[in-house]
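Please put together the full structure from these sequences, using the hints given.
Chains A and B, in that order, are what the protein sequence lines are. Its first residue numbered 1, the first sequence is counted upward by one per residue in our numbering. Its first residue numbered 1, the second sequence is counted upward by one per residue in our numbering.
No wet-lab data here; the hints were simulated from the structure. All of these numbers come straight from a predicted model, not from anything done at the bench. Heads up, the beta-carbon is just placed ideally off N, CA and C, and yes, glycines get one too. There's no promise every hint is true.
Said to hold, decoys possible - The calculated lysine to any residue pairs, modelled on SDA-like cross-linking and capped at a C-alpha distance of 25 Å, are:
#1 B:LYS70 with A:THR97
#2 B:LYS42 with A:GLN100
#3 B:LYS67 with A:GLU101
What the hints assert, rightly or not - Here are a few chain A residues that sit away from chain B, every Cβ distance over 12 Å (derived from the structure):
#4 SER7
#5 GLU14
#6 THR20
#7 ASN51
#8 PRO70
#9 ASN99
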Amino acid sequence: DAGVIQSPRHEVTEMGQEVTLRCKPISGHDYLFWYRQTMMRGLELLIYFNNNVPIDDSGMPEDRFSAKMPNASFSTLKIQPSEPRDSAVYFCASSRTENQETQYFGPGTRLLVL
Amino acid sequence: QKEVEQDPGPLSVPEGAIVSLNCTYSNSAFQYFMWYRQYSRKGPELLMYTYSSGNKEDGRFTAQVDKSSKYISLFIRDSQPSDSATYLCAMANSGGYQKVTFGIGTKLQVIP
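Now the structure itself:
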């Protein structure tokens, strides 16, 4: 299995632009998660899905952030408009169960907003 | 004060040394404790997962939880250069994904 796939791996954009991050979970995993990691705040859960349905989006920082999962093999995290403070590494992860022991992270997308 | 405190390091040790990584926390409701390893430019991977107090051993790794002191530790015996990574502690008051709180991570370098 290829693991969790994220694209792009790096993104540099200017303030105000729309950013779309993409994730393909491991086949057969019913849970999908989006995290953000910064030096100051560490790793934070933004939102997670179960069977393509958003379960908890309380970690989404603002209305500028939105996430979708149109099918079991694809999810997007969109930031519109982007701001410099959104600069971070964004991780997607997937899991077979509602247990951290079966969760696998992708390699992350490094986002820099100028 | 953050709910979970972790020294970011960096921590440098010679190969073969015993490494001790630690986190303190303030929320007495935490019952699930985890350690993740994160290599540079990679996502975190779960190393150890424990419930409540006590020790758990897996090969060269031992996780220790002291709920009375609100203190958790990860020990690495016979450290190897391949152990060089950032180690994140994490904790939660339930077994699900809601409200898992991560430490900032400690960067470890094992020098050959």
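Okay, the hints, checked on the actual structure:
1. For the suggested pair LYS70 of chain B and THR97 of chain A, the alpha carbons sit about 28 Å apart, so the restraint of at most 25 Å is broken.
2. Simply put, LYS42 of chain B and GLN100 of chain A have alpha-carbon atoms about 18 Å apart, close enough for the 25 Å limit, and the pair holds.
3. The straight-line distance between the Cα atoms of LYS67 of chain B and GLU101 of chain A is roughly 21 Å, inside the 25 Å bound, and the hint therefore holds.
4. For SER7 of chain A, the condition that its CB be more than 12 Å from all CB atoms of chain B holds, with the nearest at approximately 14 Å.
5. Once the 12 Å rule is applied to beta carbons, GLU14 of chain A is consistent with being away from chain B; the minimum gap is 24 Å.
6. At roughly 19 Å from the closest C-beta of chain B, the C-beta of THR20 of chain A stays outside 12 Å, upholding its exclusion from the interface.
7. Remark: the non-interface label on ASN51 of chain A is consistent with the geometry, its nearest Cβ contact in chain B lying 14 Å away (cut-off 12 Å).
8. At the 12 Å boundary, the C-beta of PRO70 of chain A stays outside the reach of chain B, the nearest C-beta of that chain being 21 Å off.
9. With a least CB separation of 6 Å from chain B, ASN99 of chain A falls inside the 12 Å interface cut-off, contrary to its annotation.
Consistency with the previously given hints fails for numbers 1 and 9, ordered from lowest to highest.
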